[in-house]
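Residues per chain are reported as follows:
2 protein chains.
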Amino acid sequence: MTAQMIDGKMVAQKIHEETAKETRLLREKYNLQPGLAVVLIGEDTASQIYVNMKGKLSKELGFFSDKIVLDKDVAMREVLHIVEKLNKDPRIHGILVQSPPPPQIDEEKVIEAIDYRKDVDCFNAINVGKMLIGKTDGFYPCTPYGVIKLLEYYNINPSGKHAVIIGRSNIVGKPLMALLVQKAMGADATVTVCHSRTVDMKHYTTQADILIAAIGKPEFVKADMVKSGAVVIDVGINRVKDDSSKTGYRLVGDVAFEEVSKKASFITPVPGGVGPMTIAMLMQNTIKACKLQNGIK
Amino acid sequence: MTAQMIDGKMVAQKIHEETAKETRLLREKYNLQPGLAVVLIGEDTASQIYVNMKGKLSKELGFFSDKIVLDKDVAMREVLHIVEKLNKDPRIHGILVQSPPPPQIDEEKVIEAIDYRKDVDCFNAINVGKMLIGKTDGFYPCTPYGVIKLLEYYNINPSGKHAVIIGRSNIVGKPLMALLVQKAMGADATVTVCHSRTVDMKHYTTQADILIAAIGKPEFVKADMVKSGAVVIDVGINRVKDDSSKTGYRLVGDVAFEEVSKKASFITPVPGGVGPMTIAMLMQNTIKACKLQNGIK
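Each protein sequence line maps, in turn, to chains A and B.
Start counting the first sequence at 0; every next residue gets the next number (numbering that gives the first Met the number 0).
Start counting the second sequence at 0; every next residue gets the next number (numbering that gives the first Met the number 0).
Each hint should be verified, as a subset may be incorrect.
Stated by the list, open to error - The calculated SDA-like cross-link candidates involving lysine to any residue, where the alpha carbons are at most 25 Å apart (straight line), are:
1. A/182 - B/195
2. A/216 - B/158
3. B/226 - A/208
4. A/134 - A/21
5. A/134 - B/169
6. A/201 - B/198
7. B/55 - B/24
8. A/108 - B/182
9. B/296 - A/110
10. B/182 - A/170
11. A/201 - A/222
12. A/182 - B/132
13. A/201 - B/202
14. B/182 - A/196
15. A/201 - B/183
16. B/226 - A/198
17. B/182 - A/217
18. A/201 - B/201
19. A/134 - B/168
20. A/134 - A/186
Keep in mind that the hints were calculated from the coordinates and are not lab data.
Model, not experiment: these values are computed from the prediction.
The task is simple: from the sequences and hints, build the whole structure.
Right, dumping it as structure tokens:
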């Protein structure tokens, strides 16, 4: 058996088209334009690439896009001042601060300073709490939300299934647990969360109907850890040394793709699986923010 | 084998003593008195009993205690006005609104109106979010927090153990999942959450090293659902008809105590198990609120 590939790039593209369409509708019907502000501090190359990607895409989708680049030596109070201005700016519905900021910047304080109604990353405790409680008027973190959308697209209904999550990070594992356990459409799974302290990981992973790896260890999930016919979602993105590549490295997930794809029913590749969904859900969150801030259902 | 009884009444008493001691210290060292306000709307007998119990205990522990009784026909704006006054009252560190309120009162809105720093029930999304993120400067819901304290008292360390929770309510199941999965002392469990949509419940419960029942079904957990030697925590309180009792009913938990106690290593009785811990943790939360609001570590 060979698993069906879950094509995150394709699904993300479909969601982008949906986002562009909703943006046009907001414009025509309400004369509104979703606005996303991205704050970049310092010159970290990877951060610059991400920020430029987000800026470019949001323009393509029809958003108002604001990119604020700050010197790496910028003072904390200056960052807070800028966040405050963005909070008040009616053109801006979503605010991102690109991680990681330089050491003089207290990232947690900056996140807390972002108006929770513009917290499209879902880092603010209010939005995290709303998600766990099951309220739908906040935001979901983009990567876990992307996983939920991938399952939905491929008609994989988690209801009554055993979803096993490897990893308990605040950006992936814990929110996925919160989302999948809800009494709701696209959820209703029996959920198990494994992590570094789990004894006998295989005992749990081999029970999974839906196995989600988000532990940040290259090719951690081997075929013998997977039940035959399981849906395997790989959230990991790891660089491993590869002399045959001109960059000197290649990207692998948390799943040993080759061997696991022979056993699973569905599998996400890395890259091109969960990765492209993150930015797609960010843009969807910005649309939602725009609607919420303008009282549109 | 017969399980050791987990004596929640005794542990709650120990915690009350600790609370009274901390209260004396706050008085002597900082001239502070923890203050708890309980708002009761209408004449529901059970609610009155709870409110009186909380008022009486908080006085015994040395707290400033404020009980506000409102007519069952009180208007929503009047309730919000009272909450606003309590939010501003420096004598009050914790605010409770006794459930369930009469139909004209939007309970969710009332809860949202309570200053999150005085939300000692941990109903506010901010405190729920802080709990899931793993921040320790909020509050934990009283019943799940009581379960954690019971385990701690009996030296049952969840680290690396498989904790299986039956039930996904916002006041017990989900917060317990959030607390037990944290990378922290008294947590670090591999956590599974089962619920009404779970297929083959027994498959999960028989794997549990720590089994927590919070599903609200009388004696739902039978001996054949429990692994030999498991720790069994019963959060349920159900009334069942009993003609031999002069009240016409008796209280039972979600666990078939008789048969399960022969198989478990530890078990909580109902009543006298988890029940008494809820109010103990409420008082502890009020102490914490008093400290936080006054910048005391």
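Results of checking the hints against the structure:
1. The hinted pair formed by residue 182 of chain A and residue 195 of chain B meets the criterion: a straight-line CA distance of about 9 Å does not exceed 25 Å.
2. Taking the CA atoms of residue 216 of chain A and residue 158 of chain B, the gap is near 21 Å; set against the 25 Å cutoff, the hint holds.
3. Taken as a hint, the residue 226 of chain B and residue 208 of chain A pair is honoured in the structure, with Cα atoms around 23 Å apart against an allowance of 25 Å.
4. Among the hinted pairs, residue 134 of chain A with residue 21 of chain A is consistent with the structure: their alpha-carbon atoms are about 23 Å apart, no more than 25 Å.
5. A hinted pair counts as satisfied when its Cα atoms are at most 25 Å apart, and residue 134 of chain A with residue 169 of chain B qualifies at roughly 11 Å.
6. Proposed proximity of residue 201 of chain A and residue 198 of chain B is supported: the alpha carbons are some 21 Å apart, at most 25 Å.
7. Between the alpha carbons of residue 55 of chain B and residue 24 of chain B the distance comes to roughly 21 Å, so the proposed pair stays at or under 25 Å and holds.
8. Distance restraint check for residue 108 of chain A and residue 182 of chain B: the Cα-Cα separation of roughly 22 Å lies within the 25 Å cut-off, and the hinted pair is therefore satisfied.
9. The suggested pairing of residue 296 of chain B with residue 110 of chain A holds, with an alpha-carbon distance near 24 Å, which does not exceed 25 Å.
10. With a CA separation close to 14 Å, the supplied pair residue 182 of chain B and residue 170 of chain A stays within the 25 Å bound.
11. Distance hint between residue 201 of chain A and residue 222 of chain A is fulfilled; the C-alpha atoms sit about 10 Å from each other, no more than 25 Å.
12. With a C-alpha separation of about 21 Å, the suggested pair residue 182 of chain A and residue 132 of chain B falls inside the 25 Å cut-off, and the hint holds.
13. Restraint check: the Cα-Cα separation between residue 201 of chain A and residue 202 of chain B comes to about 16 Å, which is no more than 25 Å; the hinted pair holds.
14. A distance of roughly 9 Å separates the Cα atoms of residue 182 of chain B and residue 196 of chain A; the hinted pair therefore holds under the 25 Å criterion.
15. Only pairs whose Cα atoms come within 25 Å are accepted, and residue 201 of chain A paired with residue 183 of chain B is accepted, the gap being roughly 23 Å.
16. The hinted pair formed by residue 226 of chain B and residue 198 of chain A meets the criterion: a straight-line CA distance of about 17 Å does not exceed 25 Å.
17. With a C-alpha separation of about 22 Å, the suggested pairing of residue 182 of chain B with residue 217 of chain A holds against the 25 Å cut-off.
18. A threshold of 25 Å between alpha carbons decides the hint, and for residue 201 of chain A with residue 201 of chain B the separation of about 20 Å falls inside it, so the pair holds.
19. Among the hinted pairs, residue 134 of chain A with residue 168 of chain B is consistent with the structure: their alpha-carbon atoms are about 13 Å apart, no more than 25 Å.
20. About 14 Å separates the Cα atoms of residue 134 of chain A and residue 186 of chain A, which keeps this hinted pair within 25 Å; it holds.
Comparing the model with each numbered hint stated earlier shows that all of them hold.
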